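A.B. asks: From first to last, the protein sequence lines stand for chains L and E. Position one of the first sequence corresponds to residue 1 (my numbering), numbered consecutively onward. Position one of the second sequence corresponds to residue 296 (my numbering), numbered consecutively onward.
No lab work stands behind these hints: they were computed from the structure. This one's a predicted model, so the numbers in the text were calculated from it and none came from an experiment. A couple of the hints might just be wrong.
Taking lysine to aspartate or glutamate pairs in the DMTMM-like style, the calculated list, with each CA pair at most 25 Å apart, reads [unchecked claim]:
id: 1; chain 1: E; residue 1: LYS460; chain 2: L; residue 2: ASP67
id: 2; chain 1: L; residue 1: LYS155; chain 2: E; residue 2: GLU574
id: 3; chain 1: L; residue 1: LYS22; chain 2: E; residue 2: GLU507
id: 4; chain 1: L; residue 1: LYS22; chain 2: E; residue 2: ASP511
id: 5; chain 1: E; residue 1: LYS522; chain 2: E; residue 2: GLU499
id: 6; chain 1: E; residue 1: LYS510; chain 2: E; residue 2: GLU499
id: 7; chain 1: E; residue 1: LYS423; chain 2: E; residue 2: ASP502
id: 8; chain 1: E; residue 1: LYS423; chain 2: E; residue 2: GLU507
id: 9; chain 1: E; residue 1: LYS516; chain 2: E; residue 2: GLU499
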Amino acid sequence: MSTATLEDVVTLPEAPIRTPRKRWTRFILPVFTIAMIVYLAFPVLVMIVYSFNIIPPTGESERQTTDFHCCTIVHWQEIFKVQELNHALLISVAVALPSALIATAIGTFVGLVLGRYRFRGRAMTNFVIFLAIAVPEIVLGSSLLALFVQIGSSKPLGLYVPLGYWSILLSHIAFSIAFVAITVRARVQGLDTSLESAAQDLFANPRVAFFRVTFPLILPGIVAGFLLALVLSLDDFVITNFVNGSTNTFPTWVFGATRLGEPPQVNVWGTVLFTVGVAVAVLQLVRSRRTRAES
Amino acid sequence: MGQAPPDVKGHIPQGVELPPARQGQRALERRRRLAAYLQLAPGGLYMVIGFIVPLAIIVYTSLSTSGLFSTGGKSVFSWEWSNYSTALDQYHDVYIRSIVYAAIATSLCIGLAYPMAYWIAFYGGQWKSTLFMLILVPFFVSFVIRTVQWNFILGTNGLIFGPLKSLGLVSQDFTVLRTPFAVIAGITYNFMPFAALPLYVSLERIDRRLVEAAKDLYASKAMAFRKVVLPLSFPGIFAAIILTFVPMTGDYVNAVVLGGPKTTMIGVIIQDAFLVRHEYPVAAALSVILMAGMLVIALLYARALGTEDAALAAA
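Using the sequences and the accompanying hints, generate a full structural model.
C.D. replies: Put into structure tokens, the structure is as follows:
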């Protein structure tokens with residue numbers, strides 16, 4: 001457009017915007033995006049499809065093979081066939097639920113404080129949270145192991161945490177708090193503070209103003225934080241692998257099992273968890289859409 | 296808990312009788328500060344015990360001698376700097392390899408995620424959030440399972456190379472598993488959302504009128520992108536770099552599932568030193584070196600964008 005004459009400017013000031021050139025290059029980005037979506041989804045599709053794979057009997061326990069024979073639902077019917085896997089799943093849930101609940105309870109307050117108040121130590125708190133999120137899991141996992149080993153060898157107050165369920169739970173709470181805190185903080189910062197003052201002007205005491213006005217408004221942030229903590233806990237491998245002792249969660253069991261080849265039940269359970277995750281996410285999305293449409 | 300924000304004080308007109316909740320602003324201010332610390336206490340305490348103390352113990356262990364490298368030997372603190380020289384002497388090539396892999400994978404992640412995030416943010420229209428959702432959905436599958444699936448797909452006779460080999464397009468002993476290619480491809484895949492999310496958020500925030508203004512001022516499309524969109528998306532790019540590069544460097548799962556002895560990354564070495572060989576002091580030194588590198592990057596980043604923005608981008 002550097003050669004534009006005065007005439008162009010006067011008669012067609014909007015020409016550069018209003019005449020999109022219909023060239024083939026405009027297809028590059030959409031096609032690329034779709035290709036990326038397919039690439040990102042590919043392993044998941046493989047996982048789902050192979051949960052219906054007919055595995056030729058070899059006499060040993062069933063292991064997934066690359067030869068795909070369509071189709072059987074026998075692995076879905078025998079979803080509980082692998083005992084160790086069931087147990088690992090149970091541990092995963094028994095860790096994830098309390099860990100997410102506790103982390104949400106504690107982390108919500110941290111997020112609230114960071115979003116609402118200015119105080120000494122605020123920047124420091126923000127930085128610790130940032131570090132907790134950015135530090136490589138391998139460092140966090142190894143340092144948590146060092147903590148449990150140290151406690152185990154010195155037994156302060158006669159207390160110690162054996163490596164296993166409890167050490168996994170405590171570690172999961174530790175790394176989840178930061179994620180809940182930032183999720184809630186983001187929500188609190190987006191809040192109109194005049195709403196709460198309005199409530200107080202209308203003779204609501206601070207407690208009532210908080211529970212009737214502020215809390216309902218930040219609730220979506222708290223729910224999102226809880227779900228995030230739940231997913232992080234269910235999915236964690238590296239940190240768990242350091243502190244689990246001989247207790248297996250779903251990820252650590254799958255990791256161990258694949259050295260021999262994965263049993264088809266792994267595909268089945270992977271698909272189940274995936275479906276649940278997607279369903280919850282879609283539900284959240286629809287609900288937030290609806291509340292936005294209402295307001 | 297819910298007190299009026301501090302700026303309200305100035306807005307109370309003279310002679311107006313305050314409702315009871317708004318009386319005694321100064322006392323409230325003091326109480327508010329106390330309330331803030333009280334609410335912060337449980338989370339702060341947990342983060343100190345679950346995060347600061349463990350990191351301190353790691354630093355302490357890294358400067359200790361342990362009589363026996365077996366489980367029985369207790370470590371004794373002795374300013375044992377030799378742990379660091381041992382760690383660096385033995386494993387400097389592994390550190391360099393991890394950094395190189397992570398750098399390549401980070402560039403790939405951003406190179407692939409940027410155009411995608413850009414198109415969705417600028418041209419996605421009403422499908423924006425649905426399209427972006429489609430990108431995130433695969434990551435609802437457990438990290439370990441995803442990596443195992445790639446192992447399955449890229450396997451010697453796997454989904455891709457099996458058919459190619461039976462068609463004779465690829466030689467029979469060809470394999471990508473256990474090569475740097477497989478490891479880099481794996482970490483690129485697994486950390487893609489950590490690049491896509493901040494990029495998308497920063498691109499989506501850009502005011503379209505700025506781009507239009509650039510075009511009104513006779514900037515070509517490419518020029519408008521280079522001079523307006525790209526600089527405004529720098530915070531997203533920074534966030535994407537730190538959110539991918541740092542965890543990639545410490546990766547363990549991809550290096551073990553997709554890699555081999557020649558593609559070992561530092562995460563594998565640390566894990567082995569801790570859990571298999573029980574060489575706690577050297578293992579701790581290896582961790583501290585990795586953490587120090589990460590801390591430098593994080594501090595630079597926090598300096599550039601502020602801690603708040605940094606953590607926000609992480610969300």
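A.B. asks: Would you mind marking each hint as holding or not holding in the structure?
C.D. replies: Verification of the supplied hints:
no.	hint	result
1	E:LYS460 with L:ASP67	holds, 14 Å
2	L:LYS155 with E:GLU574	holds, 22 Å
3	L:LYS22 with E:GLU507	holds, 19 Å
4	L:LYS22 with E:ASP511	holds, 20 Å
5	E:LYS522 with E:GLU499	holds, 17 Å
6	E:LYS510 with E:GLU499	holds, 19 Å
7	E:LYS423 with E:ASP502	holds, 16 Å
8	E:LYS423 with E:GLU507	holds, 20 Å
9	E:LYS516 with E:GLU499	holds, 18 Å
In the structure shown, no violation is registered for any of the earlier numbered hints.
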